[in-house]
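If you follow the hints, you should be able to join the two separate chains into one complex; please do so.
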Amino acid sequence: MAKLRLDTEEGAAAVIASGKFMSRVGHEKKALRMPPPGAKDLTDGQIELLRQWVNTGAEWKSHWSFTAPAKKDPSSVKSTWGNNAIDRFVLARLEKEGLKPSPRADRATLLRRVTFDLTGLPPTIEEQKAFLSDTSANAYEKVVDRLLASPKYGERMAMPWLDLARYADTHGFHIDSNRDMWPWRDWVVSAFNRNMPYDQFTVWQMAGDLLKNPTREQLLASGFNRNHMINFEGGAIPEEYHVEYVVDRVETTANAFMGMTMGCARCHDHKYDPIRQKEFYEFFSFFNTVNEKGLDGSIGNAQPFLALPDKLQEGRLTRIESRISELEAWLDQRDVPTLREAWEQNKPQFPAAPVADESGAKAASIRIRQSARLDSVEATLIDHPQYKLWIDGGVAIGRNRRGSYLFLKKGDDIYRTQEYIITGPWQHIALNFESEPQLWVDRKPLKLNRIQLRELPELFKRGTQADLQFFSRPLTEKEIHILGVDEPARKALEIAQEKRAADQKIMLLEYFFANGTTDNVRSVYRELTNLYDQRKELRDEIPTTMVMSEMAIPRETKILARGDYRNGTDVVTPNVPSFLPPLKKDTPRTRLGLAQWLTSGDHPLYSRVAVNRFWQMYFGTGLVKTVEDFGNQGELPSHPELLDWLAVEFRESGWDIKALQKKIVMSSTYQQESKIAPALLERDPENRLLARGPRFRFPAEIIRDNALAVSGLLNEKMGGPGVFPYQPKGVWEDIAYGDTFSSQVYQQSHGDALYRRSMYTYWKRTAPPPALATFDAPDREKCIARRSLTNTPLQALVLMNDPTYVEAARALATRMMKEGGSDPIGWAFQNALARKPEARERTVLLKQWNNQWNVYKNYPEGARQLLSNGESAIPKDLDQPRLAAWTTVASVILNLDETVTKE
Amino acid sequence: MSMRKNFELAMTRRDLFSRTAGGLGFAALNALATPVGKTHFAPKAKNVIFLHQSGGPSQQDLFDWKPNIADKRGLELPDSIRRGQRITGMTSGQSSLPVAPTIFKFAQHGQSGAWVSELMPHTAKIVDELTIVKTVHTDAINHDPAITFIQTGSQQPGRPSLGSWVSYGLGSENQNLPGFVVLLSQASGLNIDQPLFSRLWSAGFLPSNYQGIKFRSSGDPVLYLSDVPGIDRETRRRMLDSLSSLNGMRSEMFGDPEIETRISQYEMAYRMQTSVPELMDLSQESESTFDLYGPDSRKPGSYASHCLLARRLVERGVRFVQLYKRGWDQHGELPRDLRLQSQATDQASAALVMDLKQRGLLDDTLVIWGGEFGRTTYCQGTLTDSNYGRDHHPRCFTMWFAGGGMKRGTVIGETDDFSYNIVEDPIHVHDIQATILHCLGVDHKKLTYRFQGRDFRLTDVHGNVMKKMLA
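Protein sequences appear in the order of chains F and A. The opening position of the first sequence corresponds to residue 1 in the numbering used here, with each subsequent residue numbered one higher. The opening position of the second sequence corresponds to residue 1 in the numbering used here, with each subsequent residue numbered one higher.
Wrong hints could be hidden among the right ones.
Below, a sample of chain F positions facing chain A; criterion: calculated Cβ distance under 8 Å [to be verified]:
{"id": "1", "residue": "F173"}
{"id": "2", "residue": "I175"}
{"id": "3", "residue": "A236"}
{"id": "4", "residue": "K675"}
{"id": "5", "residue": "A767"}
{"id": "6", "residue": "E781"}
{"id": "7", "residue": "L797"}
{"id": "8", "residue": "V798"}
{"id": "9", "residue": "D802"}
{"id": "10", "residue": "E841"}
{"id": "11", "residue": "V844"}
{"id": "12", "residue": "L845"}
{"id": "13", "residue": "Q848"}
Residues of chain A placed beyond 10 Å of chain F at every Cβ, according to the derived structure [stated by the list, open to error]:
{"id": "14", "residue": "D79"}
{"id": "15", "residue": "S96"}
{"id": "16", "residue": "E173"}
{"id": "17", "residue": "D385"}
{"id": "18", "residue": "D416"}
{"id": "19", "residue": "L470"}
Keep in mind that the hints were calculated from the coordinates and are not lab data. As the structure is a prediction and not an experimental result, all values here were calculated from the model. C-beta: ideal position from N, C-alpha, C; glycine also.
Only chain A is shown next, with the shape it has when bound in the complex (with noise of 0.2 Å):
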């Protein structure tokens, strides 16, 4: 019996949930990568770099100007703006929501006249690649619901992440490396919040090969990774040697195509012993490379570091590459916190544009940067005048976009004067989702997957395609 044969039967007796929609989904459950999946549609994107600001950054203080509030420092927000809608629990007991404009100044960037605050100098040169959207909405106001959601498309654990939605449709085109590799940063500012869960790169229903994989900057890079000392190449090759051949023995008695697969796997396995650190050895990047990313990005484990492993990433055909940027949520001391993580990230993301269009691979890649939501135009705490804090806001924030199908140098929507509710262009979550999966060339209304009787997917019963972010 071939190996392809093996396969395909292994495939068929694996294929527990099997009725599939749109001819998606029928990557192989025995590997991490999984041959490649046909799209419903031509695609823009082959990769995507998820650059997730956990925590929530201030729209106000980044991307969304306004200039017609800066007088009103301490006035209360008017109910024409609140319109009673829900707050959280941290500010809802205070007794006044006085508004606090923006201290940091603004200025307009490039051909398109992006307004970018004075935090994100190295963001605000490459204006004219991105699609800013101001006007992003979610139906949650607290970090574990939002992040969860932006995520999951449910605001409620148990659905698979938007990584492995994409792994389950497409696959990965490198067989060495897992299709869907996660990498954590910690906070830079002051303050730490918030947790991360492993449910947000988790496969949820889906068969959990499809989860994300943690690439890690300490220990192994992937858990479990290295022979342990005393186990030397030749050591661990001899013992697959002897492995393979008794796994052999007993897949000629048997018969299961399991034991054939098993053995495959364990030759991925070796094989990931060598891809994966090479992959993380940034040693033989050029010093242009690290000038372009800035000095953190030689500092393993910094976001800059992560956002050029994302290109290295992508480079080998990982198709879905998931950061996380710590320490976002100022409910107090917000100048001084925005401007350090603004500070550790800034550089790295834009350098990470303008590093895969140099290498002419941001027409493939489509780079998100964004948090779960934004933060209040009122004050959370004291407010002074060189000091404030935000709470969580859903009504609307800013994600940015670049490559990989979207419009370049466009800013999409507009926010009221207080930046609290949308004026013009609400994109809801499932929007975003929706048009994510579209540049892969996905409709996201034909990837679903059957559970409990119900054909799941991660827009769930919404979501539409924004072609107005589209080029």
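Okay, chain F solo, but in the shape it has when bound (with noise of 0.2 Å):
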């Protein structure tokens, strides 16, 4: 048996046809049968299914998802019922299982089903209003239309995007510092907003750096697939990493365009998985040329990246660079060598400098300079009996600004400076530490900050210090001047011209600039150095993301036994696996060739993939339930025609996305009430028949933009960076590594940005925001197709407990109070459920609110506890204890099933 092949149509014709294939796999005795017995034991039935198959002719198929969807008209339907081609498929295998779709919802639920499904926010009173109020026969339609105009469509259909692309704001492994990806996290909203064709947003993503004469928005749109975890942690191999980037990008590339798993094929082959270990790193090259580093991002994005200047930040760098290259020009008509070697020849005079003397110091100034790379310098500067000046390197929160910090020692008290310094050029310090120390860095006063620190070790790297002096009196600011800027340029004076430093003769130009030239070269030197910092800022104030380039010599991709990078066999070139159609002649191999070979129209699984997960969006499930597993250990679709011939349908569309959508929502079948009949609940939990509508919990982050949508306190902006609303005390701090990197310290945003969607809440991967995560967000870490729905306790106490949603439900009752006139509760309900309270409901609540009213009235603290969570402005002209028990109304609505779910 041993050359048996059952996964060759030849093989498996020849075994089956000798008749040694049913005889196994059926044999009587069970210790017998193959495969032998184990965990994948035939069932009786399964060996039935294979005799039946063998009995009638053993037709050769190959995988239904590696053909190419043919659209087929639906089978005859008896029912009239249905609004499109999608309820004529769902209604076939309805009536088939002997089934009927349910009745419509009520146009309330339907309103609030399609709001919360197209923008990812809840209907507000009047858009309910105008909807209820509108007899038209396509008034529906007149919503849906307003909803996929509405920019908020954009941001709902981002969010699944988000999770496949793994978007995060920091980079992951280990120190897990940050990056800045948002520029591309926009990029997307806008193209869903925009509309973009999806085979255009696929190779944008996947090439948009190859297309000729790339925009800066088609670079842009590249940094898809940069968003993979990078590592910069202190000892590894960076040919390890490396190799970890591109597999993601693969897998990535696979899950997110072809519902396939190809990294199981990265260490050998698998008898039954199509993809063979070499096809792997074909495709694996396709991503190996980019010119990047295998370990980087330590101070923010790794390369290669793109500067991304507004047009007004653009403005302002034109204008500074031409003035800079206008006063350069006067400056070269000046001939200023010659007027600094007369300077020089005309021995200029300095200031008296403080004489250094040790004993009993008080002060000290030293000199020094720190080389480019800090990530763990720890130099002692300054070692006396009595204090101790040292450096401790670090990277500065926000972006491409590094930085140490200065600490000082001082009997058992350790202070450090506020601010980080700078490093690289030699910098003058100066300290004072008579009493409370004072240090000036170049001048300039540094604010210290007693802290809570273990002593560092003495250890000096990287860095080199000089004219270390220490005096017996504080030094004054004059003095300091003349230690810092005159002392120096004089001391270089003394040395021969051909022996000084190549800094040292900048030094003196500069010196020479400051003091001994005409007023007029002065003032023009003034505002050059003025505009070169201004640059300099700015530069630095440009915010910039990752991008895909290629390396101008393209690295030679190798097979790697088992998956290890130090295992190179054979070299591969880009190419497709077998199993899917072939790349043309004339098709670049490139991602460029890529993207065109998955969006040519004949890949038989880009269409059905993409429309599979869109479905999902809606409806929970997909067609086929494993949205990210289209292969042979994949679940089949549960309506395998619907499916080609959305497939099809959107590829003749031309890819228009919001035309698909369209055609889902209006379907009937996407229009069914959701409420389950015991018989049918039996039948069929998971709703793969689609004899009812969705009813599911929201996601994560709609369940939080929710609250703060009905509660009025949500912030619409769009875009930027990523905020910080509240989080609990040490989520991030308690697994950080130490504030010398950038995201380690939780700096909680104040003010507006604590009500933004939560699509822009900063993601940190090795702490991801935990009242997302309690609702089954992902870390980011991989791509993810396909959220987990879990139901659990945590998720209740966020509810209850988390600032956000006890602020939520103060503002929503506030304006209960406000707005809800002799009604409260019935406009709550209005507002947050779409729906008038039944008079059941409405006595639960009134009896909550009585109850409440009687603790608070006698226990105003109590009250003023209660409404002083959250950041917003508590209301001056409410009643506290009235307000506290319509809060308390106000937070069971904001924990009902029923606001947390679609229904």
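Okay, structure coming up:
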């Protein structure tokens, strides 16, 4: 049996024809059956199925999803139910199963459902009124069109795309510091809103950088393939992580665009997996020639990245640069070298410097220079019986601003500069420590904070110090200037010109400009240095985003035995797996060619996978439940003809994403009510047959956004860097790496940044936003095509006690009192649930209010405490105990199953 | 419709990833505390306490005594030992790899005669309870991949953690507490390395309710556990009654079993609001218990207090307790920081084993001590008579085990004179994982989960149960 092949048509045919197949698979003695007894035993039913298949001719077909979809008309149906083709496919299946579709949901429920599905937010009371009073036949369609045109549509559509693209605001590995990919995230929102065709959306993200003369937007879009985790752990080996980045791109591309798992073939061939190891590395090689480093990211974005100045910044940069050239040209005409030489020959006078005297030292002066790499510098600069000054390297919070702290130890007290200092050039440090220590860096006084800290080891690496002097009395600012500016110049002049170091020459030139020229030259020089500073600041402030770009000389790709970066074997070149259509002759063997291959129209997976994932968004489950696995281990589609019809329709529409969404939400299938009759629940608990509308808990982001929206707190601002809403103390800090790298200390936002939509919450991969994670939001380390959907007590705790929801309850209560008129409960239901309360519901909540009112009117302190949650202003014009009682009512409403559920 | 019925239906409905093998993993997706699952064979241990020493404790300064290199200080590590094996980017550029013999004294202890360094006097006293394995080895040489590997079976992110697998496979015995609890203690040395990652206790591709729940020593013990000021217990009860009555009405109308589940989850949350603070409150512990664990055990957040909490957790049926002690990454100043780390942990680790034993819990509880890798015999940075540092070393390191079906009073494995290569009984991290599951009555090859078309397991396609370690 060793040569037996069941995974090829010829092999299987031979074994079946010989009769050996059924005799072994169906052997009457279980112990002799194939496959051998163990975890993968066939059931009797499965054996019977195989027997039937063999008896009816053993027709060989390739796996369903590897042949291109074809549009077939739905089978004829008896009922007239339905709005569009989708419904005829669904109905055909229902009739086959002897089931009937559910009635259409009532209009209010429908409005709420479709508004959440297309914008992620609830319908306002005005929108409800408008829809309910619109008696025209196409009232619902008008709503759909309005929602598709809303900018919030793009945000809603982006949410699952960010999971797929493993979008995050930190690098993920090890220290997990900041990156800036939010310009890419904003691009996704905007692309959905502009209804960019799905093929273009794909090509730009896969290969925007390889398009002819790519626009800034096309380059930006290519950041899709840079969203993977990046490492710069101290001892890590660059080649090892470089391979991981490329593998991640392969896995993400395969999952997002082909619903395939390629990662399994990384190490070796698997018998039942259509992808061979060689093919994995051929695919890998498409992504292996990026101009990137294996270890990168310690100070923000890893190369390659793209600067994104806005119009204002671009204008300022141009203005600064043109003024700089103007002034430089002016200076050129002045023959500065001759003037400078004359100044030196003239023997300039220097002010007298204070005299160093170490006895009973009370002040010090020192010059330091730091080398460029500062990841782990801990340098003792001054060591003296009474005090110690040292430096601890690090990276400032924020982008591209690297710096170091200076630490000072005096007696048992340790102080640290409040700000980072810049590193690189020589800097003069002066120190007075007679009483409270004072510190100047390049004449600028720096604020010192006393801190709780371990003592650092005495170590001086990657830096230089010079001119250390002690003084027996505190220094004045003027003396500090002399020590920091005049003295170095005086000493440099004493050195023969040809022996001066390069930086001494520059320093002397600067000194000459400041002290030895005419007023005219001096002022031009001052303006110029000022402009240089401005230019640097501006460049630091311009955001960047990581993008793809190809190496000038492409890296060779080898098959890696056992997937290990150390075990390169045969060289391979870019190609696609053989079970899928081949690349055309004239298709370039690049990512662009790969993207064209995906989007060319005859790819069997690309369109199916996309429509299936959209379907999942509406119904909770895809037509193929395993949205990430269309391979032979994945599930079969519940409605194969419908899936294919949608796939072809999507392609034929010119990959019109909005049109596809509209088709789905206009279907009667989507518009069914979601009540579940016990018999149907028994029959179809997962609603795979679609005999009812979808009913399931909202994704994490929508739960929070809804609470913000109905309470009136929501800030609808779109885009920009991530924001930092309320988060319990310590979630980051408990696991972080001190505070010398970015994104280690959670600095909560204030003001309206607290109320942004949840998709803008800063996403730190090693400590994802806890309240969102509790509702199954992923950590974004890897590509995720479907989230789990759990129902846990921790979720109850979030909705009861997270300040976000307590504050939202108070804000909702405020609106109930102010806008609810004589019927606050009715108003709250209308606002939060888009319906009127039933009498019995009203009774429960009125009782809740009464009970709490009785509590709080006798306990105003309790009311005050409850209302003081959250940073938004507490209304002064409302009675606090009343408001507090309504807050408990509002909190109950925000905790309702219905509130967090799409019905 | 009865609650029980609803529960089953809810399970069916949410069983998004249904095909699991071997009768395990049927635990419902709707709770933190899931019903007790079936094991593959009779378990020795019911609970696990994993005392992870993050950073990589130095085996040859603690357990793996190497007297034959005592006189080789400063000599170059022989090529016959190094064998061209890869080393990290931190020492690969070093011009020399000088041998740094330990400066700590070792002595033999107990019936087993295990060698233990002077840094671990309390552990030394309990060696007859321990299975000391000197020959654990791993595939990774840096923290992120190595700790991810020992905690999830894979160097790269995305897989469920050990505790999640156990929680998924076996569920919890306590309906009011999560089945998988995480406790974090900060470093005690002056060097605070390394960072940790939530992926280490994440459920990976398992449903997210199998992830570890952090129990914290400051702020809320479980995130969002406490009612906010102004909401007292009666108020909370009233709010929950209102909520549950409204949810009940919706349930009648919609028939969706998820609603009944949500009602019961709110009730469990309400119970957790009492059970968790009660658990975290050490004030009822006796003086003698505090004496046993040491004075640090009174300090919230300390490793010692977490060891004591770990005992309280397993007493209450929490299946898997994962501790992390940060600060074992001694690249420099090893003598100073290793001493501080040992002082902060030794007594409490030993106390936990003895406390469990006294209470008759040790037979049911597997205690595990160890880091993600060991440290090099050669010095990183400057070597002096009294000071040295050590880089990461994946080829051998020491872990110890107690209780839960492990063989007591045993030392397993032998390394070469430099504690660099394994000479006898190599035990891979996947073997450790397979053996841990075995103690719990779980066949590591059968605890699988279908994801992206493949049946994944903790040990990937590797791992052997180490019979030598078992009683």
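We went through each hint and held it up to the structure:
1. The closest approach between the C-beta of F173 (chain F) and any C-beta of chain A is roughly 5 Å, which is under the 8 Å cut-off, so the hint is satisfied.
2. The criterion of a C-beta within 8 Å of any C-beta in chain A is met by I175 (chain F), whose closest approach is roughly 6 Å, and the hint holds.
3. For A236 (chain F), the shortest C-beta to C-beta distance to chain A is roughly 5 Å, which falls under 8 Å, so the interface hint holds.
4. The beta carbon of K675 (chain F) comes within 5 Å of a beta carbon in chain A, closer than 8 Å, and the hint placing it at the interface holds.
5. Interface hint at A767 (chain F): satisfied, since its Cβ lies 5 Å from the closest Cβ of chain A, which is below the 8 Å cut-off.
6. Taking 8 Å as the C-beta contact cut-off toward chain A, the hint placing E781 (chain F) at the interface holds, the least distance being around 4 Å.
7. For the restraint placing L797 (chain F) at the interface with chain A, the shortest Cβ-Cβ distance is roughly 4 Å, inside the 8 Å limit, so the hint holds.
8. Annotation: V798 (chain F) was flagged as interfacial toward chain A, and the flag holds, the nearest CB pair being 5 Å apart, inside 8 Å.
9. The beta carbon of D802 (chain F) is positioned within 8 Å of a beta carbon in chain A (closest approach about 5 Å), and the interface hint is therefore held.
10. A least Cβ separation of about 6 Å between E841 (chain F) and chain A falls short of the 8 Å threshold, and the interface hint therefore holds.
11. Proximity of V844 (chain F) to chain A holds as hinted, the smallest CB-CB distance being about 5 Å (cut-off 8 Å).
12. Interface restraint check: L845 (chain F) against chain A, minimum CB-CB distance 7 Å, threshold 8 Å, status holds.
13. Using the Cβ-Cβ criterion of 8 Å, the hint placing Q848 (chain F) at the interface with chain A is satisfied: the shortest such distance is roughly 4 Å.
14. The Cβ of D79 (chain A) sits about 19 Å from the closest Cβ of chain F, beyond the 10 Å cut-off, so the non-interface label holds.
15. Every C-beta of chain F lies more than 10 Å from that of S96 (chain A), the closest at about 17 Å, which supports listing it as non-interface.
16. A cut-off of 10 Å between C-beta atoms confirms that E173 (chain A) is not in contact with chain F; the least separation is 16 Å.
17. In this structure D385 (chain A) is separated from chain F by more than 10 Å, as the shortest Cβ-Cβ distance comes to about 17 Å.
18. The Cβ of D416 (chain A) sits about 23 Å from the closest Cβ of chain F, beyond the 10 Å cut-off, so the non-interface label holds.
19. In this structure L470 (chain A) is separated from chain F by more than 10 Å, as the shortest Cβ-Cβ distance comes to about 23 Å.
When each numbered hint is compared with the structure, no violation occurs for any of them.
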